Amino acid sequence: MIEFKLPSLGADMDEGVLLEWKIKPGDPVKKGQVVAVVDTSKAAVDVESWQEGSVAELLVAPGERIPVGTVLATFLQPGESPGAARPVPAVAEAPKPAAPPSMAGVPAAAAAARRMASPAARKHALEQGIDIDAIIGTGPHGTVTLQDVELAAKAKSVAKPADKSAEMRKAIAAAMARSKREIPHYYVAETIPMAAALAWLAQENAQRPMTERLLPAVLLLKAVAVGLQRYPELNGFFRDGAFQPAEKVHLGVAISLRQGGLIAPALLDAGGKPLTRLMQELMDLVQRCRAGSLRSSEMSEPTITVTNLGDQGTEQVFGVIYPPQVALVGFGRITERPWAENGGLKVIPAVTASLSADHRVSDGHRGALFLVELRDLLQCPEELSR
Amino acid sequence: MTEAEIRQVVLTTLQAIAPEVEESELRPDRPLRQQVDLDSMDWLTFLVRLHQKLRVEIPEADYARLVTLNDVVGYLAVRAAQN
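So the protein sequences, as listed, match chains A and B. Just so you know, the working numbering puts the end of the first sequence at 916, numbered straight through with nothing missing. Just so you know, the working numbering puts the end of the second sequence at 84, numbered straight through with nothing missing.
Don't read these hints as lab results, they were simulated from the structure. All values reported here derive from a predicted model rather than from experimental measurement. Cβ coordinates follow ideal geometry from the N, Cα and C atoms, glycine included. Mixed in with the good hints, there may be bad ones.
Computed from the model, here is a short list of chain B residues facing chain A with C-beta under 8 Å [unchecked claim]:
1. Q36
2. V37
3. L55
Listing some non-contacts, in silico: residues in chain A with all C-beta distances to chain B over 12 Å [what the hints assert, rightly or not]:
4. E550
5. G609
6. I666
7. R699
8. A704
9. R708
10. P714
11. E734
12. A736
13. R743
14. D770
15. R788
16. Q817
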């Protein structure tokens, strides 16, 4: 028997509300399959399974608030029979605020069957993003009425945008206050000439169809991922008093949301991907992030964060580390600047890169060497394209 | 396609990316990206969608000419007429 738990979705998200099951008892489950949708203070997250098997039982009903680590369902391992001993669901031990009465504990079997509901109720539920199967009907033969849906909508506090924005601000505040309280930050910065990189990009983009053009941001991200391979002490997590280096570089990309706030989901294994693919994944990530549709692996796995202010930002940014990560790289706006070289003065495009890092894990000397490496990598853009 | 129709496509495309944009509050002769918070990714998405809807090529070298809403509409009208 496999216990399927709600994975960690980042330092500032320690609980969520189950919105929807994508599986039902008896269904086969593959690794990486999206099995549930959980709403957090920042976004609705598609929760993936990292195990293979078939669904034995769903233990949580849509509408319930669930802390990270809660057992959401049990799966049978391949070859296991359904008669195996059932573990005590951990959800019973977790502090569980009472769910609104209309959404309360619907047995999995009942949830799987199609509910009787009036067409108006069904339409309203769809508009409100409420699972009609999770509503207890008060009409004849348990039919779900419009009024039942309206009550459920009222109870579903997670859907209100004003609350959402306040909730996100609270989540950011909690993570950043923890960062500043626990992490002794140090900062280093370096101005990086960008003439070679921009010339290479212009030449490359002139040959590409519009849909495949590259932004300078993607070159910067790739350079960070490649540079980190020689600086493992900047890539990983500080947990339980010790540093755990990460095997791969999953770059958390800080993406600002139009309604305020930000999310930093991961570009997975950014160092191992060619630029074209990284660009496509970045565009996809930004669009899904703004549409509020992210995957659990993207939320839980960033090993370092990059904040890139882009061409509308300021020249410099010094970021706050996102715990339990140990470093953050910041890029300001690429601007033309006076540049002294070989006793002469010229004007070149340049970007200021900064590093905020955790002094419990690394020192300014190594942090500075990393930025110098980043500067050197960006002078050979064609080598980063692979 | 008339210039008015192109303007409408540009505005709809812009509002799909920045839903808070009101046409009445937009100064068509002022830099667009100073009025609407569009980062480089939003801007690229905006141009790619216009390219797809209007079947107009926009070389990267021309991006610098697309500053105001009027610039964008005028540029697209000329390019569309060349098609």
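How the hints compare with the structure:
Because the beta carbon of Q36(B) sits about 12 Å from the nearest beta carbon in chain A, more than 8 Å, this interface hint is broken. Taking 8 Å as the C-beta contact cut-off toward chain A, the hint placing V37(B) at the interface is violated, the least distance being around 10 Å. At its closest, the beta carbon of L55(B) sits 12 Å from a beta carbon of chain A; the interface hint therefore is violated under the 8 Å criterion. No beta-carbon of chain B is positioned within 12 Å of the beta-carbon of E550(A); the least distance is around 24 Å.
Listed as a non-interface residue, G609(A) keeps its Cβ farther than 12 Å from every Cβ of chain B; the least gap is roughly 47 Å. Listed as outside the interface, I666(A) is consistent with that label: its C-beta sits roughly 35 Å from the nearest C-beta of chain B, beyond the 12 Å cut-off. Distance to chain B confirms R699(A) as a non-interface residue, since its nearest Cβ pair spans about 18 Å, more than 12 Å. No Cβ of chain B approaches the Cβ of A704(A) within 12 Å, the least distance being about 26 Å, so the stated non-interface status holds.
Annotated as non-interface, R708(A) keeps its C-beta farther than 12 Å from every C-beta of chain B; the closest such distance is 28 Å. Once the 12 Å rule is applied to beta carbons, P714(A) is consistent with being away from chain B; the minimum gap is 31 Å. The beta carbon of E734(A) is not kept farther than 12 Å from every beta carbon of chain B, the shortest such distance being approximately 10 Å. Annotated as non-interface, A736(A) brings its C-beta within 12 Å of a C-beta of chain B; the closest such distance is 7 Å.
At roughly 6 Å, the least C-beta separation between R743(A) and chain B is not larger than 12 Å, which violates its mark as non-interface. With a least beta-carbon separation of about 37 Å from chain B, D770(A) lies farther than 12 Å from that chain, consistent with its non-interface assignment. The claim that R788(A) is not at the interface with chain B is violated, since a C-beta of that chain comes within 12 Å of its own (minimum 7 Å). Here Q817(A) does not stay apart from chain B, with its beta-carbon only about 7 Å from theirs, under the 12 Å limit.
Going through the hint list in order, the structure does not satisfy hints 1, 2, 3, 11, 12, 13, 15, 16.
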